[in-house]
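Protein chains in written order, with my numbering: chain A, 71 to 432; chain B, 2 to 571.
Think of the hints as simulated: they come from the structure by calculation, not from any bench. Watch out, some of these pointers could steer you wrong.
What the hints assert, rightly or not - Keeping only pairs whose Cα atoms sit at most 30 Å apart, straight-line, the calculated DSS-like set for lysine-lysine is:
#1 Lys462(B) to Lys389(B)
#2 Lys158(A) to Lys389(B)
#3 Lys80(A) to Lys14(B)
#4 Lys351(B) to Lys477(B)
#5 Lys95(A) to Lys385(B)
#6 Lys251(A) to Lys462(B)
#7 Lys385(B) to Lys158(A)
#8 Lys292(A) to Lys387(B)
#9 Lys174(B) to Lys300(B)
#10 Lys174(B) to Lys275(B)
#11 Lys402(A) to Lys325(A)
#12 Lys158(A) to Lys14(B)
#13 Lys387(B) to Lys83(A)
#14 Lys389(B) to Lys14(B)
#15 Lys292(A) to Lys251(A)
#16 Lys158(A) to Lys387(B)
#17 Lys462(B) to Lys92(A)
#18 Lys426(A) to Lys351(A)
#19 Lys354(A) to Lys325(A)
#20 Lys92(A) to Lys412(A)
#21 Lys281(B) to Lys391(B)
#22 Lys111(B) to Lys95(A)
#23 Lys300(B) to Lys80(A)
#24 Lys174(B) to Lys559(B)
#25 Lys14(B) to Lys488(B)
#26 Lys98(A) to Lys275(B)
#27 Lys188(A) to Lys14(B)
#28 Lys95(A) to Lys391(B)
#29 Lys197(B) to Lys104(B)
#30 Lys98(A) to Lys14(B)
#31 Lys101(B) to Lys178(B)
#32 Lys188(A) to Lys462(B)
Spelled out, the chains give:
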Amino acid sequence: MADMRVKEPKGVKLDHISKIYKDPKTGKDFYAVHDVDLTIEPGTFVTLLGPSGCGKTTTLRMIAGFESPDEGEIYLGGEPINALTPNKRDTAMVFQSYALFPHYNVFDNVAYGLRLRKVPKEEIQRRVTEILALVELSGMEQRMTNQLSGGQQQRVALARALVVEPGVLLFDEPLSNLDAKLRVQMRTEIRRIQQALGITAIYVTHDQSEAMSISDNIILMKGGVIAQMGTPTEIYYRPNSEFVADFIGECNFLKGRISAVNPGEAVVNVNGHDVPVATEKAVKVGDEGEIVLRPEAIVIADEGLLPCKVELSCFMGSYQNYHVRVGDTLVKITDNCPINKKIFHVGDNACISFEKVCAHLL
Amino acid sequence: MARGQSAALDRKKLMADPIMMTTIVLLIAFLTLFILYPLAILLVDSLYGTNGLSMETFTRIFQMRTFRRSITNTLKVGFVVGIFSTLIGLLFAYVEVYVKMRKAVGGLFKVVSMLPVVSPPFVLSLSMIMLFGKAGLITRFVLGIYDNNIYGYWGIVIVQTLTFFPVCYMMLKGLLKNIDPSMEEASRDMGASRWKVFTTVTLPLLLPGLGNAFLVTFIESIADFANPMIIGGSYDTLATTIYLQITGAMDKQGAAAMAVVLLCITLAMFAVQKYYLERKTAATLTGKASRARMLIEDKSVTVPLTVLCSLAALFVIMMYICVPIGALFPTWGYKFTPLTFKWFEQVFTKYRGLQAFRDSFVLSLIASPITALLSMIISYLVVKRKFKAKGFIEAVSILAMAVPGTVLGVGYIRGFANGLFHTGFLSGIYGTALILIIVFVVRSLPTGTRSGISALRQIDKSIEESAYDMGADSLKVFTSVTLPLIKDSFLSGLVTAFVRSITAISAIILLVTPSYLLITVQINEFAEKGAYSIACAFASILILITYGAVLLMNVVIKYFGTSRKTKEAE
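The task is simple: from the sequences and hints, build the whole structure.
Printed below as a string of structure tokens:
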């Protein structure tokens with residue numbers, strides 16, 4: 071495997087990139103992407119995540135060269151590439167629809183880019199065979215693409231992009247046409263191959279679990295602008311806004327007022343109960359505070375930090391799903407492995423509590 | 002907020018792609034020179050006479066009684082033909098989509114829809130005269146009527162209806178298939194009778210489509226030259242009046258003004274059809290049928306409908322068969338036995354048939370690959386690429402659809418006989434084979450482009466993007482991905498262009514010089530002289546050629562087409 075590492079993974083820099091589109095309904099111009107400024111280190115796996123219409127695909131297509139930015143400059147490996155056509159850019163894209171050439175067999179599909187680069191025949195043979203082995207499609211060379219399953223087509227598309235050893239590998243929601251089980255399998259596969267080759271990858275998706283499981287860094291976008299950048303853990307546990315917190319996973323918000331500030335910690339008074347939360351934020355007593363709590367971080371018991379009333383209790387197999395009322399706020403709890411725990415029923419009074427590092431102050 | 006940078010970058014990217022750039026420039030030059038310019042010169046010529054800018058020419062032609070009458074004639078015929086064709090087309094389409102029928106009847110339908118495609122435009126006029134004319138087989142020998150006059154209004158209406166209704170049938174069939182059967186079932190379930198379902202659900206959904214079919218036929222009828230020429234007698238339409246104005250009255254300026262009038266009428270109809278009805282059709286019938294339709298099996302409905310349609314279909318087929326058979330009789334209308342090949346012999350011995358077929362064949366053979374390739378390039382640019390001049394290219398190729406052949410012919414005479422803008426520049430191409438080939442190309446381009454566009458729309462855009470992304474330039478993307486994927490459509494475009502060229506007459510009859518003999522022009526000449534047997538002999542050989550071309554295409558597609566490859570793989 072060692073000899074297959076990409077010779078030169080390239081970094082990508084988006085220098086205050088904007089893209090303006092015309093709204094077909096109103097006829098007015100609007101920013102599809104606005105002032106996106108970021109640097110992607112060589113060899114890292116970065117995901118552009120966001121709801122549909124957030125500008126993530128437009129950003130990706132600008133890097134590939136299919137769209138031209140209206141403001142800003144794109145750099146690939148330190149070189150400005152704004153004026154380059156897609157075929158002159160050192161990028162390779164894996165498309166949502168796979169975009170395999172239906173008139174070629176698997177081998178010819180994968181060899182397409184190498185033939186364009188006038189690579190000698192024996193080398194094409196060798197490299198295609200190698201890459202097909204890497205994506206576990208050995209022996210399928212002569213198949214036509216419509217004889218393959220969705221997952222296999224996906225692998226061909228991946229192999230076709232990988233074989234030209236691009237400076238950057240681009241993915242445009244590559245797994246959205248696969249069924250749920252295959253999706254999980256393929257994303258592990260993509261991550262494995264990316265790490266084995268040490269290639270730079272930029273990946274667009276709207277699926278947060280996919281983004282978290284696959285990336286070194288996540289760039290969460292909303293309405294054309296970056297909402298938050300960071301590692302999956304940072305984004306999940308330390309979101310900078312309600313939107314980010316909610317988009318990245320199921321989430322509870324508890325509102326209160328800061329009653330005390332200690333080093334590395336703030337105490338928030340929720341419904342008359344003091345709740346400690348770990349935070350480095352500069353807050354002062356009397357400020358309004360909003361606590362972000364993941365459902366799996368909450369413990370429900372007879373005793374605890376905040377009293378509550380159970381409104382829904384539902385057995386889900388791997389966990390017990392609760393909806394409880396804390397003051398006026400509905401709080402969702404997933405209580406894992408419920409078989410050896412006390413089960414609360416609708417109407418029961420209980421208490422919730424959580425570790426202070428599991429909570430986050432907005 | 003300024004979109005300047007992306008526009009500048011897109012321009013830069015285009016400049017970095019010399020093949021694409023050259024293609025676009027050449028294409029624009031071609032479209033401008035051979036479609037826009039001839040039409041523009043018509044307008045200029047009819048407005049700009051010896052006394053400068055004036056409406057003089059228009060005033061003059063509108064004072065001619067013959068011209069005024071030809072306008073009402075044309076509109077009257079077009080309207081009636083439009084209605085008849087749409088109704089018959091609807092009947093056929095409804096029976097095919099809704100009624101359970103025998104396989105043989107389906108076969109009949111297929112033949113009927115194919116016949117107008119492979120036949121020269123005036124075949125039905127010929128057989129109409131031979132069956133129902135003064136010496137007509139049916140009128141004289143079956144019904145015993147000796148002085149039946151089919152020349153004129155009813156002759157044109159019947160012949161054009163029979164020629165154009167298959168087009169309506171094909172259009173409406175496609176629309177009916179797209180109606181979700183569950184809508185009709187819902188109506189039936191709530192207690193509606195079949196007739197009520199048809200009038201309250203099917204018909205309203207189909208209405209824009211019917212309007213569309215009506216206008217398409219209307220335009221075809223107005224633009225038709227060959228049928229009014231042969232069967233119109235003294236009943237002149239705009240197309241024939243313009244032709245006579247040039248060949249008879251030698252009044253080129255008047256003809257130019259008349260051509261402008263004809264063009265305005267077709268353009269107006271075309272605009273309504275294209276920008277209003279087509280959109281409405283798409284808006285009401287977007288859904289795909291969710292599952293198969295329960296066909297009507299009730300004998301009291303199926304039997305009369307099938308019998309009616311079969312009889313109509315058989316009648317049409319008989320009309321077409323009449324032409325080759327007519328060429329075998331010693332003297333049509335007087336002597337029917339023994340059957341003889343003398344007319345076919347005379348085609349070659351007496352009437353320079355070999356030269357006519359060679360000229361027509363070679364010119365069409367040269368024109369068809371150019372047309373096919375050009376229309377694929379235009380479709381590719383229109384569907385897959387974005388650049389500034391795209392709107393222009395699309396608009397002009399669509400415009401060409403609405404231009405009647407006669408108008409184009411007059412435009413070429415005015416535009417090229419004395420060189421560009423009457424300066425003498427480029428006048429060398431007038432009267433040569435080159436201009437005939439160009440006319441063939443321009444006349445078949447719209448059909449080719451339309452089918453090319455619909456073929457390309459089926460192909461996921463990202464397939465080409467992916468080739469582009471892998472490092473292929475525009476030419477490579479087109480040749481290695483686009484063209485192989487639309488091979489079938491390309492092949493059928495090739496054959497359609499060939500068939501359309503070899504059967505073309507309206508524009509070409511104005512431009513052909515004695516150094517070239519074209520079959521269609523010959524047939525027209527003999528038919529006008531009343532030499533129907535020899536005209537039939539010419540037409541029969543022409544039908545053989547076109548039918549042979551279509552058969553060849555089907556074989557080639559079957560064995561080498563893309564659909565075979567993908568089917569094999571399944």
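CA of Lys281(B) to CA of Lys391(B), is that 30 Å or under? Distance of about 24 Å is within 30 Å: holds.
If you draw a straight line from the CA of Lys92(A) to the CA of Lys412(A), is it 30 Å or shorter? Violated, at about 57 Å.
Holds or violated: Lys292(A) and Lys387(B), Cα atoms, limit 30 Å. 27 Å, holds
Check whether the Cα positions of Lys98(A) and Lys14(B) lie no farther apart than 30 Å. Distance ~26 Å between Lys98(A) and Lys14(B) Cα, so the pair holds.
Would the hint linking Lys80(A) and Lys14(B) be met if the CA-CA limit is 30 Å? 22 Å, holds
Holds or violated: Lys462(B) to Lys92(A), with C-alpha atoms at most 30 Å apart: Distance ~21 Å between Lys462(B) and Lys92(A) Cα, so the pair holds.
Quick one, are Lys251(A) and Lys462(B) close enough, alpha carbons at most 30 Å? Status holds; Cα separation ~28 Å.
Agreement of Lys385(B) and Lys158(A) with the hint, judged by alpha carbon distance not exceeding 30 Å: Distance of about 19 Å is within 30 Å: holds.
Does Lys488(B) sit within 30 Å of Lys14(B), going by the straight-line distance between their CA atoms? 29 Å, holds
Decide if the proposed pair is consistent with the structure: Lys300(B) and Lys80(A), CA atoms, cutoff 30 Å inclusive. 74 Å, violated
Taken at face value, is the distance from the CA of Lys385(B) to the CA of Lys95(A) at most 30 Å? Status holds; Cα separation ~23 Å.
Given the hint that Lys174(B) pairs with Lys559(B), does the C-alpha gap stay at or below 30 Å? 24 Å, holds
In summary, the structure is inconsistent with hints 4, 20, 22 and 23 from the numbered list given earlier, while agreeing with the others.
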